[in-house]
Amino acid sequence: MSRIGVFICHCGENISRTVDVERVAAEIGRHPGVAFSTDYKYMCSDPGQTLLKKAIQEQRLTHVVVAACSPRMHEKTFRKAVEVAGLNPFLCEMANIREHCSWVHEDREEATVKAIDIVGMMVERVKKNRVLAAITVPVTKRSLVIGGGIAGIQAALDIADCGHEVILVEREPSIGGHMAQLSETFPTLDCSQCIMTPKMVDVANHPKIKLYTYSEIELVEGYIGNFQVTIKKKARSVDEDKCTGCGVCMTKCPQKKIPNRFDQNIGMRSAIYVPFPQAVPNTPVIDRDNCTWFKSGKCGVCQKVCGPGAVDFEQQDRLVVEAVGAIVVATGFDLYSINEKPKGSAIKGYGEFGHGKIPDVIDGMTFERLASASGPTGGKILRPSDGKEPKQIVFIQCVGSRAREKGISYCSKVCCMYTAKHTMLYHHKVHDGQAYVFFMDARTPGKSYDEFWRRSIEEEEAVYIRGMVSRLYQKGDKIVVMGSDIAVGVQVEIEADMVVLATAIQPQKGADTLAQKLGISYDKYNFYSEAHAKLRPVECATAGIYLAGACQGPKDIPETVSQASAAAAKVMTLFSKDKLEREPVVARVREAGCVGCFACKKVCAYGAVEEKEIRDRQGNLVKIVAYVNPGVCAGCGTCQATCPSKCVELDGYTDEQIVAMIEAL
Amino acid sequence: MKKKKMIISQETMDIDFVRKVEALADTSVRRCFQCGKCSAGCPMATFMEHPPNRVVRLLQLGQWRRVLEGRSIWYCASCETCSTRCPNKVHLASIMDALRKLSWDAHGPSKEGYVQLANKLFLQNIRTYGRQYEMRLAAVFNVKSGQFLKDLMLGPKLIAKGKLKMFHSKNKNLPEIEKIFTRIAEIRAKGEAL
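If you read the protein sequences in the order shown, they are chains A and B.
According to the numbering used here, the first sequence is numbered sequentially starting from 1.
According to the numbering used here, the second sequence is numbered sequentially starting from 1001.
You may find that some hints are simply not true.
[As the list claims (entries may be wrong)] Some residues of chain B that are not near chain A, with every Cβ distance over 12 Å (derived):
#1 1010
#2 1036
#3 1041
#4 1088
#5 1094
#6 1151
#7 1153
[Unchecked claim] Stretch-level coverage of chain B by chain A, calculated; a stretch enters the list once three of its residues show a Cβ under 8 Å from a Cβ in chain A:
#8 1130–1138
#9 1174–1187
Keep in mind the hints are simulated off the structure, nothing from the lab.
Ideal Cβ positions, reconstructed from N, Cα and C, are used throughout, including at glycine.
Can you build the whole structure from these sequences, using the hints too?
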């Protein structure tokens, strides 16, 4: 005979406001099998847990039901408390009377009756719970980092410095990401290249880091501690082992007028190229779409001039499989396009800003390349149209961001600061020029950030105009900027030589596809979702996958680096144990009844079902049955629903338990 | 108030004038981030076409003519509430003072002709008599401003109480005072008045 203890939580007032908890406790006390029932203000608090433990011992309870919040919130808490009191933790269940009852109902009487039903059902279910032991699975102490920007680099270095192997995968030919494109960084104005490239070199030289550049994630299988990742190494057409990085191929390549994406297409590169001189690895890649050899079968100059014979036109894409225990996703961001809106995009463009038709209307990243000492102009601020130095420059903030009607309602967070930085860089380089900024709000939370913004106005003489721009149009070689100053309350007109738009930050293209491969969730903008906005900000809801950087939401460099290190710390926590304990809520096959149809194997999304031979004592094969690998099973229950002979059951959710719950109603 | 569109460029932003205001007021208009605290506490703001925060904003954009065209600077009571409360230490009361002073020489508009007239007559009296001769000031002001009967009934009362003298008395050191005026004129001619 079971002696069940039921504990009803008030959750402060969250539950007791709508549910008469005392009545629930009294009524459930009369339920068959219930030996003890009580209510308490905060069951999860220390006195609450003590109450639970004392009751288990004094009342000799065999099962426990805690009626409180969602099991997602506190199941672990109470199971731990139950275990301390000497009971098997899996004999404790939670009845959710907060999210499923008090929060969604207003009528006290009806909510109370529903709460009694929910608790009653859970009592019937817990009666049939089995004693379970946690499953241990081995942990592969290698980590995959997706994305070689500052986030990925930081996470990879931190994990590798702890002695664990890291596989760093980058889609572009070089690591470095967006940070490598920047000129100087706020709020200290240190040169991005100077602080970035040493880290890139560290990655390349680190004995524990295996670098896959020009590669993409093809497939992710497995689960926390045991992932199998298939990586597609795209054909570089240059043998990485043979290439010495001398660069002769690039100087001899006859195709030299290809816009370089790294320079926001204002600089040119050859068909065989490295995106920038400080690239890591310093191995060129052939852009097959623009290479004469690949287009017409002629040329081949690079192959002829290559001393070590590294150029290999025959190279094919290769698939590599790596086993890892944890994954850090650091795919970063992309900028809202100021040109024609992409096909099929829900985001509307800015027709009033010329849709990218005015050549001297550029975005912030292009300005970074112009201001960068290693950029296409050697650090001179020059107009893309005629190469003249702009004397009147206008910056427009919040282009795309905070514009619900244009499709993005969030704030891109970094634009206020980088625009302030741009005005300073401009002032340092064009002494007789004047910078104007149109803005709605200046959002500068961060250490030394507001001071930096004020400096751009008070010392660097940028004129900030609160109010937005209605229209840009070309007039001769000037761009007329029509806006308003809402502090004065009049319209404003400026004839500018160049206009820089602070365009919104968006997730990388293909972020959703990668999320689907990884099985992680993302929001409507394709930013990856963390498990908990406040308390688990670097973990995904999917165990073993962590987030770093702007793939989760707009972030600046300090924040990105912090998050990357935090993600690395999480990975190291996982790797600190040799075995990983998993919840034993997995499917079991009743082998006596299994006919070996393997319908379960076909539907299992996790590949957990295996074939098992049953032999008699003489070793003769009796039959082949299904076997669920408890290390792989995720406890989804699909096999249980599919099995025609009702021979697979999920612990804690057996047919018997479900029927008992229904009958309790 | 004019809602005229602002054409902003390095030419239309007369920052030199603003620099003079800043030097005279010993403060900086660039520090202002338009929180509106000055206008919130200003007892005279309801009478001004440009409330105090907008005066600073217009100065930031070098649009001082718009400020001087209006009456705001003359309505300012110099109570210094704005200066006391400003989070950025923009001394607005001093800026108002500076603007009033500079409006004298500024080749531009100052609609409030009466104030300018009163100031001018006041100084003329000092120069002529070496001290103020109120009776003459009031009479000339009324004649020149065309308000002949303005405050006329106050005269007898003030005379009775000895507050208004019928006849002037000259300062003994008139030549010295004349020297002061000459020197100031020289300084102003050189543009060093600030």
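Going down the list of hints, with the structure as the test:
no. : hint      : in the structure
1   : 1010      : violated, 5 Å
2   : 1036      : violated, 9 Å
3   : 1041      : holds, 17 Å
4   : 1088      : violated, 9 Å
5   : 1094      : holds, 18 Å
6   : 1151      : holds, 37 Å
7   : 1153      : holds, 43 Å
8   : 1130–1138 : violated (count 0)
9   : 1174–1187 : violated (count 0)
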